[in-house]
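Heads up: the sequence lines are chains A and B, in that order.
Note that the numbering used here has the first sequence beginning at 1, numbered continuously upward.
Note that the numbering used here has the second sequence beginning at 1, numbered continuously upward.
Everything labelled a hint here was simulated from the structure, so no lab data went into it.
There's no promise every hint is true.
To be verified - Only pairs whose alpha carbons sit at most 20 angstroms apart, straight line, appear in this in silico SDA-like list of lysine to any residue:
1. LYS525/A x LYS18/B
2. LYS317/A x SER43/B
3. LYS336/A x GLU276/A
4. LYS330/A x LYS18/B
5. LYS18/B x PRO205/A
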Amino acid sequence: MSKLNNISDLNAIRKRLRSRRDSISTVITICGGTGCQASRSQDVIDAVRKELKKQKLGRKVLVRVTGCHGFCEQGPIMVLEPGNIFYCHLKPEDASDIVTKTLLKGEVIERLLYTDPVTSQKIQIETEIPFYRAQDRQLLAQNRQLDPCSIEDYLAIGGYSALAKTLAELTPEAIIEKIKASGLRGRGGGGYPTARKWTECRDTPGDEKYVICNADEGDPGAYMDRSVLEGNPHLILEGMMIGAWAVGAQQGYVYVRNEYPLAVKHVRIAVQQAREFGLLGEHILDSNFSFDVEIARGGGAFVCGESTALMVSLEGKVGEPRPKDVHTVKDGLWHKPTTLNNVETWANVPSIILNGASWFAARGTKDSKGTKIFALTGRIKNTGLVEVAMGTSLRNIVFDIGGGATDGVGIKAVQTGGPSGGCLPIDKFDLPVDFEALYEAGSMIGSGGIVVMDEKTCMVDVAKYFLTFLQDESCGKCVPCRLGIDRMLEIITDITEGRGRPEQIDLLKELAETVAHTSLCGLGKTAPNPVLSTLRYFPEEYEAHINEKRCPAGVCQALIKYEIDDEKCKGCGICLDACPHDAIKGEKKEIHTIDQDTCQKCGICIEECKLDAISVA
Amino acid sequence: MKQYVTITIDGVHIRAAKGTSVLDAAIEYGICIPHLCHVPGLSDIGSCRLCIVEHVVNGKSKITTSCTLNVEEGMVILSNTEWVKKLRRNNAELLVAQAPNSRAIQDIAVRCGVKEVRYPFRNHDCVLCGRCVRVCTEMWGARAIGFVGRGNGRHVDFPLGVRPDFCKHCGSCITLCPMTITPCDGPMKIGEEYLCGKCESQLSMAEGISDTCVWCELGKGFQCARYT
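Start from the sequences and build out the full structure, keeping to the hints where you can.
Printed below as a string of structure tokens:
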């Protein structure tokens with residue numbers, strides 16, 4: 001492909017690519033994101049291609065392998081155009097049916113359709129699936145339209161037109177003004193106004209400035225950034241280019257987790273393609289703007305997602321945060337002014353430039369604008385990546401999109417914002433997802449993880465889980481984070497193991513305050529949130545653990561006991577055979593008993609018992 | 001030519017050279033802010049979090065370490081409010097619970113007002129203040145020791161655990177180590193640790209005497225920046 005020398009070159013090639021795209025009407029879109037790859041989508045892709053070749057349809061039908069669609073639990077996913085037919089849970093064996101029946105005869109294959117877990121009805125059209133219907137997919141919808149390894153696909157759907165507009169018409173000040181008017185705020189967790197960051201960086205004197213894309217996503221269960229980066233890498237590059245033009249940077253870095261091999265691969269290909277097309281390099285599109293991007297792989301530390309630690313790590317040193325008394329926009333990478341934004345923040349930039357600030361600001365609440373992607377997981381019917389307008393209530397997300405609780409157990413709480421966030425009880429479900437609203441309630445949007453918990457979840461155990469994670473991931477540099485989290489974990493462990501004392505609650509609160517206010521970086525400052533929010537909304541669970549030595553949810557192993565109900569037990573012996581610790585005794589057809597000293601409380605017997613005779617006390 | 005700015009610490013106007021830290025400016029004017037990881041002449045990393053102060057901006061207070069905060073014209077600092085004292089005391093308590101076997105740490109605990117330790121003692125021999133690492137790296141350029149690991153596993157060690165030839169046994173690391181001075185009553189055995197606090201009674205007596213700064217008397221014990 002020849003280099004694009006100016007904007008008319010870009011428009012010409014876009015026109016050509018678009019007409020080529022429009023000439024093929026039959027498209028099989030198969031998700032090739034990490035989630036679907038894990039459920040063998042590559043085998044499905046190969047099988048479909050083979051089948052098409054066999055039927056001599058190779059030239060008439062386009063197989064487009066895209067990034068993540070968001071509905072990972074249904075993977076591998078396929079969408080057929082025309083008709084918007086949605087097939088899920090595909091196997092390589094299904095390929096011949098899909099080609100011969102659906103493509104050639106237009107028949108819909110019933111068994112491959114999605115079954116709504118709420119109504120148990122089969123749904124044929126993708127857009128009618130409640131999981132998708134209740135969302136507002138501005139960023140994620142693009143994933144479905146393009147092959148992440150193809151710059152041609154991105155150009156055909158209008159990619160890099162925001163860059164062309166920027167270079168041709170907009171001054172850096174005008175761009176920052178647009179971003180400011182849109183109300184875009186950082187999507188990585190802090191919610192810092194993007195325009196303010198850019199202005200400060202632009203206003204700091206210096207010839208050498210940097211822009212960084214933070215793709216070191218580490219929250220357990222969250223994968224928004226991965227999906228956007230691996231599904232649409234050129235969007236991020238375009239956002240970074242516009243940002244670099246606005247702040248006056250010539251060099252950009254994408255700091256991406258090494259644990260995201262597909263994202264690393266796709267963004268590398270994207271950078272290579274952009275260089276070949278002349279969209280990265282000297283004098284981009286005949287302007288005086290020169291910019292290049294390098295990929296840096298993170299070495300596997302959660303704390304490197306913190307901006308200063310990330311920059312230290314980029315410099316080649318051990319990734320530890322440094323004091324932020326001077327902001328990174330003034331003293332960042334190699335002590336030069338640096339603008340660091342999250343993947344999702346960069347992803348929002350091109351559409352703001354193209355569609356205007358008011359288009360973006362039309363969605364959202366007073367201070368939180370646009371859409372936000374969440375990773376919805378936990379004990380609900382539909383899990384996956386969801387994108388909703390800011391201001392959507394938690395209830396909408398959990399019940400309309402998520403479909404409500406699985407197996408009839410009541411939903412108790414949601415945990416938002418990952419390890420830095422907090423747990424909100426069900427009576428707070430009417431809260432809108434909004435930076436301030438969630439912060440005031442003791443949680444945060446964070447990077448966007450939402451874990452739904454039901455009555456079988458012990459909130460003290462949840463706090464313990466996150467503290468264990470944070471203690472493990474703390475860099476250990478400052479006292480409150482290293483020792484404070486450790487001591488909080490020590491106290492919580494005492495509580496879950498039946499050694500808790502009532503006065504420890506006050507100590508926990510005081511310690512939480514100390515850690516939150518005196519820690520060096522964001523990891524420590526937000527680390528007490530899981531403890532504080534569970535203490536605030538579920539004090540009765542802590543009291544039950546401490547005063548009654550009882551775990552209401554039946555989770556904390558030291559406080560629970562498995563018992564066999566004499567009336568229900570028929571002495572079938574299934575549990576006896578299943579117990580790996582030989583803790584169950586009893587003759588055939590006689591009531592069995594559990595030896596409490598040998599019992600390891602693994603819970604296998606409960607799952608095996610067909611008569612519901614075993615319970616947790 | 002040096003440029004000067006005026007800042008306010010605890011209501012006192014102080015003239016300080018641009019580029020100095022709030023902690024250095026305060027110490028120069030005899031305002032004692034407890035500190036451990038700060039050593040004059042070495043870079044400040046803000047790891048012990050004892051020198052925390054309230055930095056008031058537009059009427060809002062923010063806790064930050066004074067060693068990493070550079071003076072700026074018109075800056076308002078509160079170094080000794082109840083809030084700061086409480087947070088500082090909690091950090092000192094965490095430190096002394098971790099390493100009671102050091103007179104320096106015990107003195108810091110007394111100085112920060114720790115009256116009791118609410119956690120089980122752990123008799124560790126390093127508080128990871130990083131004084132040794134920085135003196136080796138910055139003063140001598142030897143880089144013979146450094147931090148290894150993260151979180152609970154963080155410790156000071158030689159590269160790959162073997163003493164390299166470029167360690168010249170200069171002993172600077174030992175001189176600066178707060179763990180080298182044992183408590184007055186001698187080393188504490190494992191399981192028998194306690195918060196010493198013996199000098200506290202003497203301190204409260206000296207508090208009323210003019211010309212005697214009890215904090216400084218304690219500061220000598222743990223190499224307060226005023227005495228190095």
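Checked hints:
no., hint, result
1, LYS525/A x LYS18/B, "violated, 29 angstroms"
2, LYS317/A x SER43/B, "holds, 16 angstroms"
3, LYS336/A x GLU276/A, "violated, 29 angstroms"
4, LYS330/A x LYS18/B, "holds, 17 angstroms"
5, LYS18/B x PRO205/A, "holds, 19 angstroms"
Hint violations for this structure: numbers 1 and 3, all remaining hints satisfied.
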